[in-house]
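Novice: Read off the chains here:
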Amino acid sequence: MNVIHSLTRAQMRAKPRRTLTTLVGVVLSVAMLTAVFAGADSFLDLMRRQAVADMGSWHGRVLNTSEAVAQQVADDFRMDQVALTANWGLDPAEGGNYAGAALFGANEAFYQLLGVECVEGALPETSRQLAISKQLAEQTGWTVGSQVTLDLVRAWSVSGIDPDGEPFYQAQTGQWSPSPTGFDHTEPVGSAVFTVTGVVELGGFSDGFTGWWPCFTALDSAPAGSRWGAYFTMKHLSGEIWQVMEDIAAWQKAEDPEYDPKTDGRFTNRSLLLYAGVDQEGSWLLTAFYSLMGVVLAVILVGAVSLAQNAFSISLAERTRMLGMLASVGATRAQKRQSVLYEALLLGLAGIPLGLAAGCAGMAVTLPLVSRQVQELFRFGVPLYLAVRPLPLLGAAVLAALALLVSALRPAYRASRVSPIDAIRGEGEVRLRPRDTKIGGITRRLFGFTGALALKNCKRSRGRYRAIVLSLALSVVMLLAASGLSFYVDQSVTMRYGSDIPPAHATVGLSDPTVDPAPLLAQMQALPGAGESQVTGGLEVGQMGSWQVPESQLSAPARRWLDERSEYRVQMGLAPLAAGGVYTVQPMLLVLEDEDFAAWAGRGVTLDTDLLDCVLVTDNYLADLGSFAQLKNALRIEKGFSQTFDLGEGGFADTWRVTALAAEAPANSGDTTLAGEGLTVQLVTSRTVFDAFLARQAAASRTGAYFWTVLYTGAGDPLRLQDSLMEWASADPDGISAYRSAGVSDMSGMQSFAFLLRVFCGGFVVLLCLVCAANIHNTVTTGFELRAREYAMLRSVGVTPKDFARMLRLESLFYGIKALCWGVPVGMAVLALEHRAISLNFYSDFQVPPEGFVLAVVLVFAVCGLSGWAARRRLARQTIVEAIHTTML
Amino acid sequence: MELLRVEHLTRRYGQGAAQVTALDDVSFSVEKGEFVAIMGPSGSGKSTLLHLLGGVDRPTAGRVLVQGTDLYAMDETALAIFRRRQIGLVYQFYNLIPVLNVRENLTLPLLLDGRRVDRSLLDRLTDTLGLADRLNHLPDQLSGGQQQRVSIGRALIASPALMLADEPTGNLDSRNSAEIMALLRRFHEEKGQTLLVITHDERIARQADRLITIEDGRITRDEAVRP
Ligand SMILES: Nc1ncnc2c1ncn2[C@@H]1O[C@H](COP(=O)(O)OP(=O)(O)O)[C@@H](O)[C@H]1O
Ligand SMILES: [Mg+2]
Chain A
0 MNVIHSLTRA QMRAKPRRTL TTLVGVVLSV AMLTAVFAGA DSFLDLMRRQ
50 AVADMGSWHG RVLNTSEAVA QQVADDFRMD QVALTANWGL DPAEGGNYAG
100 AALFGANEAF YQLLGVECVE GALPETSRQL AISKQLAEQT GWTVGSQVTL
150 DLVRAWSVSG IDPDGEPFYQ AQTGQWSPSP TGFDHTEPVG SAVFTVTGVV
200 ELGGFSDGFT GWWPCFTALD SAPAGSRWGA YFTMKHLSGE IWQVMEDIAA
250 WQKAEDPEYD PKTDGRFTNR SLLLYAGVDQ EGSWLLTAFY SLMGVVLAVI
300 LVGAVSLAQN AFSISLAERT RMLGMLASVG ATRAQKRQSV LYEALLLGLA
350 GIPLGLAAGC AGMAVTLPLV SRQVQELFRF GVPLYLAVRP LPLLGAAVLA
400 ALALLVSALR PAYRASRVSP IDAIRGEGEV RLRPRDTKIG GITRRLFGFT
450 GALALKNCKR SRGRYRAIVL SLALSVVMLL AASGLSFYVD QSVTMRYGSD
500 IPPAHATVGL SDPTVDPAPL LAQMQALPGA GESQVTGGLE VGQMGSWQVP
550 ESQLSAPARR WLDERSEYRV QMGLAPLAAG GVYTVQPMLL VLEDEDFAAW
600 AGRGVTLDTD LLDCVLVTDN YLADLGSFAQ LKNALRIEKG FSQTFDLGEG
650 GFADTWRVTA LAAEAPANSG DTTLAGEGLT VQLVTSRTVF DAFLARQAAA
700 SRTGAYFWTV LYTGAGDPLR LQDSLMEWAS ADPDGISAYR SAGVSDMSGM
750 QSFAFLLRVF CGGFVVLLCL VCAANIHNTV TTGFELRARE YAMLRSVGVT
800 PKDFARMLRL ESLFYGIKAL CWGVPVGMAV LALEHRAISL NFYSDFQVPP
850 EGFVLAVVLV FAVCGLSGWA ARRRLARQTI VEAIHTTML
Chain B
0 MELLRVEHLT RRYGQGAAQV TALDDVSFSV EKGEFVAIMG PSGSGKSTLL
50 HLLGGVDRPT AGRVLVQGTD LYAMDETALA IFRRRQIGLV YQFYNLIPVL
100 NVRENLTLPL LLDGRRVDRS LLDRLTDTLG LADRLNHLPD QLSGGQQQRV
150 SIGRALIASP ALMLADEPTG NLDSRNSAEI MALLRRFHEE KGQTLLVITH
200 DERIARQADR LITIEDGRIT RDEAVRP
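Protein sequences appear in the order of chains A and B.
Just so you know, numbering that gives the first Met the number 0 puts 453 at position 454 of the first sequence, and the rest follows in order with no gaps.
Just so you know, numbering that gives the first Met the number 0 puts 7 at position 8 of the second sequence, and the rest follows in order with no gaps.
Hints in this document: simulated from the structure, not taken from any laboratory.
Being a predicted model, the structure only gives us computed values, none of them experimental.
Each hint should be verified, as a subset may be incorrect.
Stated by the list, open to error - Examples of chain A residues lying across from chain B (beta carbon under 8 angstroms, computed): (1) 353; (2) 442; (3) 445; (4) 448; (5) 455; (6) 456; (7) 459; (8) 789; (9) 794; (10) 795; (11) 797; (12) 798; (13) 801; (14) 878; (15) 880.
Claimed, not checked - The calculated label-pair distances, taken between Cβ atoms and stated as ranges, are: (16) 853/A to 140/B: 42 to 48 angstroms; (17) 465/A to 13/B: 50 to 56 angstroms; (18) 140/B to 443/A: 20 to 26 angstroms; (19) 444/A to 75/B: 25 to 31 angstroms; (20) 140/B to 363/A: 54 to 60 angstroms.
The beta carbon of each residue, even a glycine, is placed where N, CA and C say it ideally should be.
Produce the complete structure using the sequences and hints provided.
Specialist: Right under this line is the structure:
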């Protein structure tokens with residue numbers, strides 16, 4: 000180790016706190032890189048495992064072929080494992096709820112490659128033993144030890160007609176639905192007696208079986224003429240598999256007289272090959288996956304490089320005098336450069352392994368925690384956990400090392416240029432541009448002389464100033480982007496499913512207004528498994544008449560969305576939404592129990608019972624062909640608006656009136672309405688008003704469709720309730736209700752998505768902010784320390800402690816302001832992009848998440864303030880003379 | 000009239016075995032308008048004394064009274080304001096604020112006080128200091144002598160009652176030192192300022208009214224200088 004190295008180490012040791020902060024920043028950055036790689040690889044592994052669970056772990060297969068072809072596959076040198084099956088034939092069931100059994104001889108590899116698992120007893124070892132699928136056991140009642148006789152036939156169905164009119168037959172090996180034409184051709188195989196030795200789960204072999212259930216015996220004594228299948232894994236999974244598939248095709252042509260090119264029986268395990276990077280088709284998914292990963296990595300790298308580069312510049316600034324002196328006694332450029340590169344090396348040696356470990360540990364903890372949501376989102380049966388191959392970890396390490404190297408380049412270059420003069424001249428770090436020296440004017444008037452001085456101090460070292468502003472602005476942008484994403488996704492979930500959906504509900508439709516719903520409701524509320532519940536009711540769309548509104552009356556955003564949808568509809572060959580520029584508007588009414596209504600609408604809203612008085616919900620959620628919109632009072636209905644309706648022929652007739660407007664629908668009622676059925680407006684009224692309405696209709700002998708719904712807001716036992724709801728809904732009609740319906744809402748997918756988004760975006764932003772905070776902390780504290788002597792001088796000419804504190808605080812404040820000046824507009828642009836992307840399917844006016852901005856501002860000033868405060872405390876503890884001495888050198 | 004009074008001033012640095020007594024029970028007083036030169040070998044405690052007189056350090060024991068005000072009985076804020084109005088301190092090293100130009104560095108005590116800069120005073124000062132054409136330069140564009148002149152100007156601008164200078168010419172050649180001393184004496188004579196200068200230069204010491212010699216943190220001689 001040479002003198003430059005030991006000097007560098009001594010300097011790092013001399014500033015333990017800063018070295019530690021830098022190290023923490025490096026570790027965090029590496030941990031984030033690692034987390035991205037490890038998370039992505041674990042996710043790929045999950046998809047691979049899911050593909051294996053769905054289909055088995057084989058790479059390719061050929062089915063319904065001859066024994067010769069199967070043997071050729073088994074003997075091929077490129078194969079690792081080969082599973083062989085021989086279909087003896089089918090045993091059609093006599094009666095019962097299933098079609099029959101299909102008997103396969105299978106070798107040991109078969110059970111492995113297809114994930115067929117013995118759940119009871121043992122796998123067959125001879126061709127007198129039989130393992131039956133669980134389904135077959137259930138259908139037949141066979142158990143381990145049963146003696147069973149299978150009467151086997153082979154069946155061929157017509158799969159096409161030859162050019163000369165002859166039907167073309169295809170053997171049926173697992174499934175057979177005898178064709179009603181009677182053209183099928185069967186051939187008895189004979190009976191065989193077996194002892195059931197085991198029951199198996201079908202795993203990846205279950206694909207395609209319904210009605211017919213398989214059973215398995217040993218492979219060796221398959222009767223001649225059996226149709227064979229071969230599943231294989233490659234020794235080296237690569238593009239070579241396509242050659243193998245072609246070779247198999249050649250063997251099929253040559254050695255299988257029954258070969259039918261139309262249903263060639265060859266197949267690769269696509270998803271498995273896709274996630275292994277062999278299959279290209281469908282790889283847009285992986286491309287999208289990797290691009291997203293790329294973007295995330297890029298953001299992390301920007302944060303990390305900014306941190307590291309800054310850290311190196313700072314220590315270089317401290318080392319300038321020392322390097323200058325070394326230069327004067329003959330240090331070469333390479334030696335001076337070494338000092339920075341060596342620091343990078345030390346940081347990398349310590350930070351990269353720690354970061355790798357931290358990233359893996361973080362993912363090992365996080366992934367199982369979010370496994371349930373990921374499984375729900377993708378409907379996966381296998382759990383998510385950390386599974387990362389060495390290569391991605393190596394990738395993370397290399398990327399981190401590169402980032403450190405890149406960060407060190409510029410400082411190293413500058414170090415190599417340090418000349419003896421720099422040692423004499425002092426810090427030499429003041430690089431004010433001419434215009435920066437002219438600060439004054441406005442700043443001076445706003446913040447006083449100390450303010451102007453603070454601003455100049457901010458700008459004295461442009462590299463450092465930029466590093467802080469970039470770091471902070473990056474945090475702000477990422478924070479806004481993440482909060483926006485989560486906000487828009489939440490909004491979309493609301494549009495798609497309503498704002499707050501009860502876990503379950505039961506609805507009974509009635510048509511006679513004289514019916515007392517109490518017993519019905521009591522019965523519904525007392526269903527087994529039900530817990531807390533809430534009663535609502537109402538009139539459905541179409542039961543309150545409709546009216547026409549010309550396009551011009553709609554709000555502009557509504558018109559825009561509806562026009563767009565109409566255009567799309569016309570493209571799809573459907574009728575546009577507006578007929579001749581006129582929309583049909585249909586009201587629907589929601590009835591709340593009086594106290595619920597009062598709680599929702601506020602005590603101030605009173606309703607008249609003489610007519611159907613109600614509150615209009617202005618937030619309209621509309622849906623049309625997979626596109627969703629949130630519109631604010633699209634119809635621009637004012638308080639006092641009223642409509643009279645008469646459905647005619649003894650149907651409901653009354654007048655409704657809007658007495659108040661409310662932005663949001665009551666909880667648990669958020670229903671998205673379909674624009675295709677006309678524009679819907681949602682009205683809400685109380686039970687008393689509704690009862691009066693029903694009484695009026697009854698008195699006038701009018702009838703119409705209305706409903707009562709029980710919302711199970713807090714089910715005691717959700718699974719039990721689900722069962723009892725199914726039973727209740729399908730029970731025989733009671734004579735008074737027109738229909739019964741019940742539902743259990745399933746928004747787990749979207750909710751899981753929103754949850755995952757929050758966890759990962761949140762985690763990402765928090766970590767990134769920490770890296771940036773480390774960066775800023777380093778910069779601000781050293782910035783202050785480097786200038787300790789100057790500050791002492793200021794104090795000595797009479798700056799009071801208050802002014803002094805104010806000046807340092809302003810300096811931090813200016814960093815924050817500048818960062819917000821950059822971060823907020825860029826963040827807004829990112830928000831707008833996100834909003835546009837999501838608006839393609841979920842239209843809403845451009846709104847920004849206010850809490851995101853609040854958070855960003857708080858974050859910026861907290862980080863700046865804390866760093867400034869820490870530095871200030873250290874400076875203030877010194878007396879003036881001490882400060883002058885310590886930095887004198 | 001007594002302007003400065005020092006009573007039993009002691010300053011120790013460090014703890015235990017490493018403790019150094021830089022100033023050991025020093026007492027003296029200085030009349031208004033007096034020019035005092037302080038001499039002594041390196042490390043004898045001269046700078047320590049001057050810093051304590053200037054209110055930028057804290058004594059271990061003893062008092063410093065300037066115009067009857069006990070410096071170290073004031074709180075930090077009051078002391079800072081007192082410093083900027085009553086005391087001009089010139090350090091051995093130039094110690095300018097690198098982000099401020101010459102004009103701003105010169106007028107710093109006034110700017111801090113929110114006082115208007117008296118143009119004619121500034122013009123005269125910069126003329127005298129030979130800095131008239133350097134007002135918009137940053138400190139690192141100046142030579143050592145020019146920088147020291149700026150720091151002297153800064154000490155003089157508020158017309159403080161007490162001027163303290165720590166080897167103001169220590170880093171300068173003889174022509175520059177002569178100029179600087181002439182400058183200090185001019186203000187001393189014109190404004191009746193009280194002037195304390197630390198120096199190693201006999202010629203400078205001979206210009207003073209009184210010479211205090213310090214050795215090992217104690218005053219060993221205190222004598223009037225005959226012209
Ligand atoms: N900050 C300090 N810490 C410890 N010792 C100090 C400090 N400042 C000065 N000293 C010591 O105090 C003594 C007097 O120093 P100083 O007043 O600077 O002497 P000089 O007469 O050369 O100006 C010296 O021995 C010096 O080593
Ligand atoms: Mg000294």
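Novice: Using the beta carbons of residue 465/A and residue 13/B, state whether their distance is inside 50 to 56 angstroms or not.
Specialist: violated (42 angstroms)
Novice: How about residue 878/A: closest beta carbon in chain B under 8 angstroms, or not?
Specialist: holds (6 angstroms)
Novice: Return holds or violated for the Cβ distance of residue 140/B and residue 363/A against the range 54 to 60 angstroms.
Specialist: holds (59 angstroms)
Novice: Does the CB of residue 794/A sit less than 8 angstroms away from some CB of chain B?
Specialist: holds (7 angstroms)
Novice: Holds or violated: the hint that residue 455/A contacts chain B, with Cβ atoms closer than 8 angstroms.
Specialist: holds (4 angstroms)
Novice: Next item in the hint list is residue 797/A. Is there a CB on chain B closer than 8 angstroms to its CB?
Specialist: Status holds, d = 2 angstroms.
Novice: Report holds or violated for the interface hint on residue 456/A, using the least CB-CB distance to chain B and a cut-off of 8 angstroms.
Specialist: holds (6 angstroms)
Novice: For residue 444/A and residue 75/B, compare the CB-CB distance with the range 25 to 31 angstroms and indicate the outcome.
Specialist: holds (27 angstroms)
Novice: So does residue 853/A sit 42 to 48 angstroms from residue 140/B, Cβ to Cβ?
Specialist: holds (46 angstroms)
Novice: Using Cβ atoms only, decide whether residue 798/A comes closer than 8 angstroms to chain B, and label the hint accordingly.
Specialist: holds (6 angstroms)
Novice: Taking 8 angstroms as the limit, does the beta-carbon of residue 801/A come near enough to a beta-carbon in chain B?
Specialist: holds (6 angstroms)
Novice: Would you settle whether the hint for residue 442/A is holds or violated, based on the nearest Cβ-Cβ distance to chain B being less than 8 angstroms?
Specialist: With Cβ-Cβ at 13 angstroms, over 8 angstroms, it is violated.
Comparing the model with each earlier hint shows violations of hints 1, 2, 3 and 17; every other hint is respected.
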